[in-house]
Structures are given as structure tokens and as C-alpha cells.
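Top to bottom, those sequences are chains A and B.
Using our numbering, the first residue of the first sequence is number 1, and each one after it goes up by one.
Using our numbering, the first residue of the second sequence is number 1, and each one after it goes up by one.
Derived by calculation from the structure, the hints in this document are not laboratory data.
Being a predicted model, the structure only gives us computed values, none of them experimental.
Treat the hints with care, since some could be wrong.
[Said to hold, decoys possible] Selected chain A positions facing chain B (Cβ under 8 Å, derived; list incomplete):
| no. | residue |
| --- | --- |
| 1 | 126 |
| 2 | 161 |
| 3 | 201 |
[Unchecked claim] Per the computed footprint, the stretches of chain B lying under chain A, defined by three or more beta-carbons under 8 Å from a beta-carbon of chain A, are:
| no. | region |
| --- | --- |
| 4 | 122–134 |
| 5 | 160–172 |
Glycine included, C-beta positions come from ideal geometry on N, C-alpha and C.
There are 2 protein chains.
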Amino acid sequence: MYKGLLIVISGPSGAGKGTIYGKVLEKLPEIKKSVSVTTRQPRQGEIDGVHYHFKTEEQYNRMIANGEFLETAAVYKNYYGTPKAPVFEMLEAGNDVMFEIDNYGSRQIKAKYPDAVTIYVMTPSFAELKRRLTARGTESEDSLKTRLGNAGRELSEYKNFDYFIVNDDADAAAEKVVDIIRAEKCRMYRNEQCVKSLLSEHNSSK
Amino acid sequence: MYKGLLIVISGPSGAGKGTIYGKVLEKLPEIKKSVSVTTRQPRQGEIDGVHYHFKTEEQYNRMIANGEFLETAAVYKNYYGTPKAPVFEMLEAGNDVMFEIDNYGSRQIKAKYPDAVTIYVMTPSFAELKRRLTARGTESEDSLKTRLGNAGRELSEYKNFDYFIVNDDADAAAEKVVDIIRAEKCRMYRNEQCVKSLLSEHNSSK
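Bound conformation, chain A alone (with noise of 0.2 Å):
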């Protein structure tokens, strides 16, 4: 366990958590993001080690084979992932860390830092989701139906998450997320170093 939190939200395609995360960045700006590692093309004015890390495939399965990554997932066909050491690098310096990741990178990163917080974002019904989704004017009847089945799937898996945030207003859900951060860090047993520095001040003055 290091010093610094890894924390991260969670949540369905439409539920906000985007959204959420941007806002509990505003809220406590020390906290620090991860660059991901892609192999796909770099678009207009991405910059390498800034927006991506871009990757050729055959270095990119190479880092899959050494275990370099959290969390690595495809999507059309590009490979997308989360490297290990740069977060690892930043919570050993006491820096929190913030992710907003989906299903999959969230159970893996969990099972490689069973230490990270996370926090499962959903919005107050299905309906609703639908609503978001449908409001979005970019999902197909199929696409939608895809994923309203995904996102009851997921939740059906809520056990893999520490917390849950009904996201009916994203302010008020942002501000859920900030409460979780501080009182975690008041968790007991990530304060054994405090406790036992103020055991060792007691026992020298007896």
C-alpha cells in the first residue's frame, strides 16, 4: 500500500462519470491523472507523453507480456492501457491518483492494487439512462440496446466496488466523490505510521 490513493470511478456509458471526474479535478486539483498507452495514430495536435503514450503494437504487446500495465483493454481494434510504473511512482510519492475507467479496467486494476477505492457511478434509473444515452443523438438502436444490456450486466457485478454514487445530480455526486477521498484517507489502517510514531513518542517519555 503506498501513501497516496488510487481512486477509481466507474460507471456505465451515460451514467457521467466523465463528467464527475472533471468536476472532482476542479474540486482538488493536486490530484494527478495517468497518461494511457495506445497503439492507435496520434490525431491533430495530440502530443506524445502528454495526451498518449503511442505505442507501435509489437512494443505494446511487449509491455503486456513484461506485466507493465494496470489495466489494458481493446477498443476497435487499438489497444489501450494504463502503465504500471508512472502510477505506482506517483502514490509512492504520496500523490493521489485518479482514474475514470470502465468495468473491466476497474476489476483489473482492483486486482492488481487491491488498495484503490472505487466507486461505482450510476444514474437514478434505467430509464433514465436511456434517456442520457438516447439525448446523446449518436446511438443507434442496436448500439443503445448493447449497451443498456451492458450497463445491467455490470451492475450485477456491484460487489466488485467499494461505493456507490446515484448520479442524479453531477455537482452533488462530484462532491460524494471528494467526501469518499478525505474520509479514506482517515481509514485507520492507512494512519498505522501516525499511530505507531505517537506510541513511540508515549513509550520514550515514560
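Mind docking chain B on chain A? Use the hints.
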């Protein structure tokens, strides 16, 4: 596990748990307190059932024998205890209930209701604890020594507590208690009912 949250604020004499408790109640006035049972005589102006439930020693002993207490302790030949039934009724109705209580009381409560959220408050150092106790002007040299010794023994049992707060500023410490209460309400296992009704909405719409 009841719907409401049972919160216990503990810590050695002088750490400021009473002040923090008061400040948390100001911030979250909806939190309920419990009325203790005691065998001591009512003081001027104290109303039975409001300040305390006043009982004879025989009545008190019967309550102990019947397992009616969440916790009980003897203080200067009088008994003080927290009756279980009214606390569980408040929790069942969805109210949060908060206690400010010593280490022994906290352990009894946690044993009888493991879902209690227990918070240990401590000064930034034992030197500061000594300073605060001395500043009261009411502690003899002997009683000061006893209190500091007790504080050290208590702190060595820190693993009995879920959370740890260093009270270097009472307002900041109270804010942390509020964060903990809000975060605990988002814990996944406290939201299973909500998740299950979402899942049943999803399944019925298939």
C-alpha cells in the same frame, strides 16, 4: 444492519472528542443523540427521560441482566449506560445516531453492533495532550499521569477503530467526521437495496 448509521466518536480525555461531537451536531443537526440511563441522583433541573433515564441500582442491574444495554460502565460508584432498544429503533427508522464515548464504551458498541462506524480522535502528540489536560487546571499530578497512561494503552488498541482523526483544529476535525459520515452512506454494501431495485427495473424492461 439498519438503514441509519451508528457513529461513535472516541478518544482519550483531552483530545477534544466532546468539542468535535458538538460541532458535528451543528453541521448535521438531523443526527440523533441517545439518552443515557444512570443510577446517579438527578441534579437540579435535570429531567428524567430528557437528560437521563434515572433508575435505581436494582432496576439498572435488571436491565444489565436482560441484555438491554449497548454499553455500560461504572463511574465513581454510579452506573451509566446506553439502552439498546431506543437506539436500534432510531436506526431502524433511518436516523443516524452518534455517540461520544470512551474506548471501553466504543468497544462494547462495536461488539454488539459491528456495523457501527468508530472514529478515534487524538491530539497531534502526547505532549500536546498533556498540555491540554494541564490547561484544564483540574487535574492533579497523579490524575494527569493516569490519564496519559490510559491514553497510551488505549491508542495501542487502535485497530479497534475504523477511522483516525488528528485533532489539530476542531473545525477541521469535525469536517472530517462529516466527510466520513457522508462517505459511509455511499458504501456499496449499504446501498444493496438501491442496486437491487435498479436491477429489477432492468430485468423487467428486457
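Original post:
Among the hints numbered above, which are violated by the structure, and what are their numbers in rising order?
Top reply: none
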